[in-house]
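A.B. asks: Residues per chain, in single letters:
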Amino acid sequence: MTQEQLLPLILKKDEKAFTLMYDMYSKNLYGVIYNLINDREEAEDVLQEVFVKIWKNIETYNESKGRFFTWIVNIARNTTIDKLRSKGFNNSRKNLSADNFVHLLDDSNKLSNMIDSIGIQEFVKKLKPKCIQIINLLFFKGYTQQEASDELEIPLGTVKTQNRNCINDLRNFLKV
Amino acid sequence: MIEVQNYIESGILELYVFGTLSEAETEEVAQMAIKHPEIQEEIISIEKAVISLSYSMAPYLSAANYDRIKEALIKKHGKVVDLQPKSHLATYLGWAAAVVLLIGIGWQYTLIDAAKNEVAQIETERDTLESKLNTLEMSQSETKQLLAVVRDQNNIVVPLVGQAVSPEATAKVYWNQNTQTVYIDAAGLPEPPEGFVYQVWALKLNPLTPTSIGLLDDFKANNSRLFAVSNTSGAEAFGITLEPAGGSVTPTLEQLYTLGKV
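First to last, the sequence lines map onto chains A and B. Each residue of the first sequence is one higher than the one before, counting from 3 in this note's numbering. Each residue of the second sequence is one higher than the one before, counting from 3 in this note's numbering.
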């Protein structure tokens, strides 16, 4: 099932659609949340909150706001950042754990029983260090171009293109 | 076609899928995707890569989570108990009471529903405000940084004045003598047309030797219009020309916008 097929069902708030949506995206959102919060139980709590929010606010989504996947990833990021703030972990996203997703992989590997993701995990570890940093900031932590440019000390104008090259490496590996 | 290809290569679609563009930029990309199927296709491919990546990052997620979330969403209903009829009057009274009760419950339900909608709406509004606050905090720290660049005591400030092609244009060069770094304040330059970019030249005068020190890339996206370009030493003048996207090896002098001596 594709996003395009799923969307009309979700908008009808069909109960089966919820199950489908959960099956399709729970691991993705859990991956994003876990990368920010680095604690499995906390991440599970946030995941629950995120799905409730998605379901309750589904009427406010429309395609001019971007892809559905993007919309739910943003909800996941914002909810996690809220949680971190409310727990007094940190004052802002900038102070979030310095870990990047590749460090967390070793941890998640032990816990993961998904054989099919091992291949991509191994590949991700081989990505250029610059790519790991840039994808970590822009995708997982939701930095803007300007924030990423400051953090990595690279010119603003090259953030987008460097990131594209990195995603292209990933796409070549995945053949998508 | 080349424009569409350039748009794809710019890397903006990746940020669109990541969800880190502003509302306006997001809408623009969504419009472009409707107009150009190849952009839509590219977006879907990028999304596939990102979906695989985030999927592979998740630790094991037990099935119990699904049940917990479902429970949080769907309330369980209590059982209905039948009343035994005692007499006609009691039956009528019973029915009347039931009707009153039903109306009451219906009324309550409407109230609860309205309250719930209100809560959901307020939550959405709060999320929007929060993301606006984030943006504001960012732009404030950006402004502070820019001020620090501009105020540095070691700067030589070179005003550049408009030339024949654009007499109204102005720009300023902040050249830090300690670090040799160069910043261009391009607030006085018009927006470059599609497919063109401003290029900054450090000039030596005798003989006239231009050296490119950088492009004012992403002109529209840079709200402050302050650009860092390459370091330079020994420049005697600075000039800015309009060049085809990607820049040129030598300046196109007919498109010299601004010029100024150190």
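Don't read these hints as lab results, they were simulated from the structure. Be aware that a few hints might be false.
Under 7 Å between C-beta atoms, here's a sample of chain A residues computed to sit facing chain B [to be verified]:
hint: 1; residue: V54
hint: 2; residue: Y63
hint: 3; residue: N64
hint: 4; residue: G68
hint: 5; residue: N102
hint: 6; residue: F125
hint: 7; residue: K127
hint: 8; residue: C133
hint: 9; residue: T146
Model, not experiment: these values are computed from the prediction. All C-beta atoms in this analysis are idealised placements derived from N, C-alpha and C, irrespective of residue type, glycine included.
A.B. asks: For each hint, tell me whether it holds in the structure or not.
C.D. replies: Structure-based check of each hint:
1. Because the beta carbon of V54(A) sits about 6 Å from the nearest beta carbon in chain B, less than 7 Å, this interface hint is met.
2. Given hint, Y63(A) at the interface with chain B, is violated; its Cβ is 10 Å from that chain's nearest Cβ, farther than 7 Å.
3. With its C-beta approaching chain B no nearer than about 10 Å, N64(A) sits outside the 7 Å limit, and its interface hint is violated.
4. At its closest, the beta carbon of G68(A) sits 5 Å from a beta carbon of chain B; the interface hint therefore holds under the 7 Å criterion.
5. The closest approach between the C-beta of N102(A) and any C-beta of chain B is roughly 10 Å, which is over the 7 Å cut-off, so the hint fails.
6. Of the supplied interface hints, the one on F125(A) is violated, with its beta-carbon coming no nearer than about 9 Å to a beta-carbon of chain B, more than 7 Å.
7. Interface restraint check for K127(A): the shortest CB-CB distance to chain B comes to about 11 Å, outside 7 Å, so the restraint is violated.
8. For C133(A), the suggested interface contact is broken, since its CB lies about 11 Å from the closest CB of chain B, more than 7 Å.
9. Because the closest C-beta pair between T146(A) and chain B is about 6 Å apart, less than 7 Å, the hint holds.
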